[in-house]
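From just these sequences and the hints, can you work out the full model?
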Amino acid sequence: MKPRTTEQWSALGFVTPSVLGLGLFTLFPVGAAVVMSFFAWPMLGTREFVGLENFRYLLGEDPDFLTALRNTFVFTGLYVPLNLLLALGLAFWINRSRWARLWRVLFFVPAITPMVANAVIWKLLFQAVGGEPNLLADGRTALLAVVAMSVWQGFGYNMIVFSAAVNEMSPSVLEAASLDGATGLRRLVSVQLPLISPALFFAATMTMINALQVFTQPYILTAGGPGNATETLVMNVYQAGFESRDLGLAAAGAWLLFAIILVVTAVQFLGQKRWVHYES
Amino acid sequence: MRASRVLSHTLLAAVALAFLYPLIFAVATALKPPGETFGSPTALVGSELRWRNFADVFDYVPFERYIGNGVLVSGVGTLVVLAASALSAYAFAALRWRGRDGLFLVFLATMMVPQEVLVVPMFLLMQAFGWVDSYQALIFPWAFTAFGAFLLRQFFKSVPGELREAARLDGAGELRIFLRVMLPLARPALGVLAVFSFIGYWNSFLWPLIMINDVNARGTVPLGLQLFFGQNGNQWHLVMAASVISVLPTLLLLVALQKHLVKGIATAGLAGR
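Chains as they are written, first to last, in the working numbering: chain A, 1 to 280; chain H, 1001 to 1273.
Please keep in mind that the hints were generated in silico from the structure rather than gathered at the bench. Quick reminder that beta carbons are idealized off the backbone N, C-alpha and C, glycines included. Please note: incorrect hints may appear among the correct ones.
Covered, in the sense of this in silico footprint (three residues per stretch, anywhere, with C-beta under 8 Å from a C-beta of chain A), are these stretches of chain H [as the list claims (entries may be wrong)]: (1) 1010–1019; (2) 1087–1093; (3) 1114–1123; (4) 1142–1148; (5) 1167–1180; (6) 1195–1208.
Under 10 Å between C-beta atoms, here's a sample of chain H residues computed to sit facing chain A [what the hints assert, rightly or not]: (7) A1026; (8) T1029; (9) V1080; (10) F1107; (11) T1110; (12) P1184; (13) P1222; (14) G1233; (15) V1244; (16) L1253; (17) L1254; (18) V1255; (19) Q1258; (20) T1267.
Here is the structure:
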């Protein structure tokens, strides 16, 4: 059916603010970042086209980038499973409690308070609990300490997602399962988890995307140290751009991070057919 | 049966207490007299409860200014997010026009782009606008989100089309239908979007860190706290008082709006169905 002309014009009016905003503040910068990544682009001074030099430097010569890449993967590999397990376990646990609403809000508190404040509090806590050197100052444990603080801060969000999913499990399916004699662990693995698998998939995907972009926690807790034991990819981008003032290098690093996020997300979406069950 | 329930609740309370320990530690340290903060961490209470510490923070840095800046940036930013999102969501959900589905796909695609890719060119854009160290720079770059349009579109689509048809037959224009029919109905969804936008602006750190040099003039709460921590890191009682002050506004927001927040997160999480 052909749309009416007036409707076409009013639609244009309605979308114009968002289209202009997204164009100027998202599409344009994305394109500009591609261009910039091929330039030696100092914050002050003249820029020069250098082809793939920035990428070659990051992946070949930069003493920090590959370490930051490794740290980011280790962080993500620890943070995501710990976050999901804790959130899932507590969601099942609190949902049987009469005070489920209270617990939900309580465990959510650090997820809503400023990350900088949470990190500052934990930094002093690590110093107070002590040890010489303390966990943050020891290169072998610093990244683990950052993971611990991040899990504490972040799992409350997923717990609410899971808690809602557990609440919505279809009673008829659960009843049928119990008539079939499914109890305990078997009921959990073959009935309950598949029922909430869409929420699990959503949470796993979002949590992983966020984890790959970790910045504030290590920035406040360790400033990337000791040495570069806790330097992450976003810290590397920030330092390249706004401390070394090499914007081309920062753009190239950011694009590599984007590519990693896209690949990881694509793999998750391709893999979801094998374990995510959507109700038809 | 009852015994096991009591046990479960006791355990849960213990877990919750351990979980809240860092915040309890923060409040306790914030109330200790200077000089007693390095004592044994198990002694949570010092020789007096020194409420003055909170006032002292304001003598060191203009924390009231950070809070004011935060309210201004988060408040105006949230309004722009709501307006732009609702307008475009209405066009995507309720109107028929050429290019609609294609443009919506472009909107969705922009949600994939991480902030770090944008900040470097955005910094140059802000320089070109002359917006370095300005409120505008903190507000506008993040005010046009496809997420808001997506969320509200889902909501508008659930409104029966007959409602709009009836208004049209009464001679109402699209803008009038949008303002008088759709927006009032969408109040719960707008509320959820508003809370999340506000908190997002309020807690944002990376972008203000890049954009604001004069923290005491234009800094928001996370930036002010970071500056204060950098300058007075060894004064634990003051740092903790400042942290508690930073946490309080979001905590109040959570207590006041907990029902909406929990529902909003649950809705977003279950949207995959």
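Against the structure, the hints come out as follows:
Judged by the Cβ-Cβ criterion of 8 Å, the segment 1010–1019 of chain H is covered by chain A as claimed, because 4 of its residues qualify and three suffice. Given as covered by chain A, the segment 1087–1093 of chain H passes the check, having 5 residues with a CB less than 8 Å from a CB of that chain where 3 are the minimum. Counting residues of the segment 1114–1123 of chain H whose beta-carbon sits less than 8 Å from any beta-carbon of chain A gives 10, enough to reach three: the coverage restraint holds. By the rule of at least three residues with a Cβ nearer than 8 Å to a Cβ of chain A, the coverage given for the segment 1142–1148 of chain H holds, with 4 such residues.
Look at the segment 1167–1180 of chain H against chain A: 4 of its residues bring a Cβ nearer than 8 Å to a Cβ of that chain, three or more, so the hint holds. Residues of the segment 1195–1208 of chain H with a Cβ under 8 Å from some Cβ of chain A number 5, which satisfies the need for three, so the listed coverage holds. A distance limit of 10 Å between C-beta atoms decides the matter here; for H:A1026 the minimum to chain A is near 5 Å, and the interface restraint holds. Given hint, H:T1029 at the interface with chain A, holds; its Cβ is 7 Å from that chain's nearest Cβ, closer than 10 Å.
Hint status for H:V1080: holds, given a least beta-carbon distance of 8 Å to chain A, under 10 Å. The interface hint given for H:F1107 holds, since its Cβ lies 7 Å from the closest Cβ of chain A, which is under the 10 Å cut-off. A distance limit of 10 Å between C-beta atoms decides the matter here; for H:T1110 the minimum to chain A is near 5 Å, and the interface restraint holds. Taken as an interface hint, H:P1184 does not check out: its beta carbon lies about 17 Å from the nearest beta carbon of chain A, beyond 10 Å.
Look at H:P1222: its Cβ gets to within about 4 Å of chain A, closer than 10 Å, so that hint holds up. Hint on H:G1233 holds. Least Cβ distance to chain A is approximately 9 Å, under the 10 Å limit. Interface hint status for H:V1244: upheld, as the beta-carbon distance to the closest one in chain A is roughly 8 Å, under 10 Å. Proximity of H:L1253 to chain A holds as hinted, the smallest CB-CB distance being about 7 Å (cut-off 10 Å).
Taken as an interface hint, H:L1254 checks out: its beta carbon lies about 5 Å from the nearest beta carbon of chain A, inside 10 Å. Interface hint at H:V1255: satisfied, since its Cβ lies 8 Å from the closest Cβ of chain A, which is below the 10 Å cut-off. Satisfaction of the interface hint for H:Q1258 is found here, the shortest Cβ-Cβ separation to chain A being roughly 5 Å, below the 10 Å cut-off. The criterion of a C-beta within 10 Å of any C-beta in chain A is met by H:T1267, whose closest approach is roughly 8 Å, and the hint holds.
Comparing the model with each earlier hint shows a violation of hint 12 alone; every other hint is respected.
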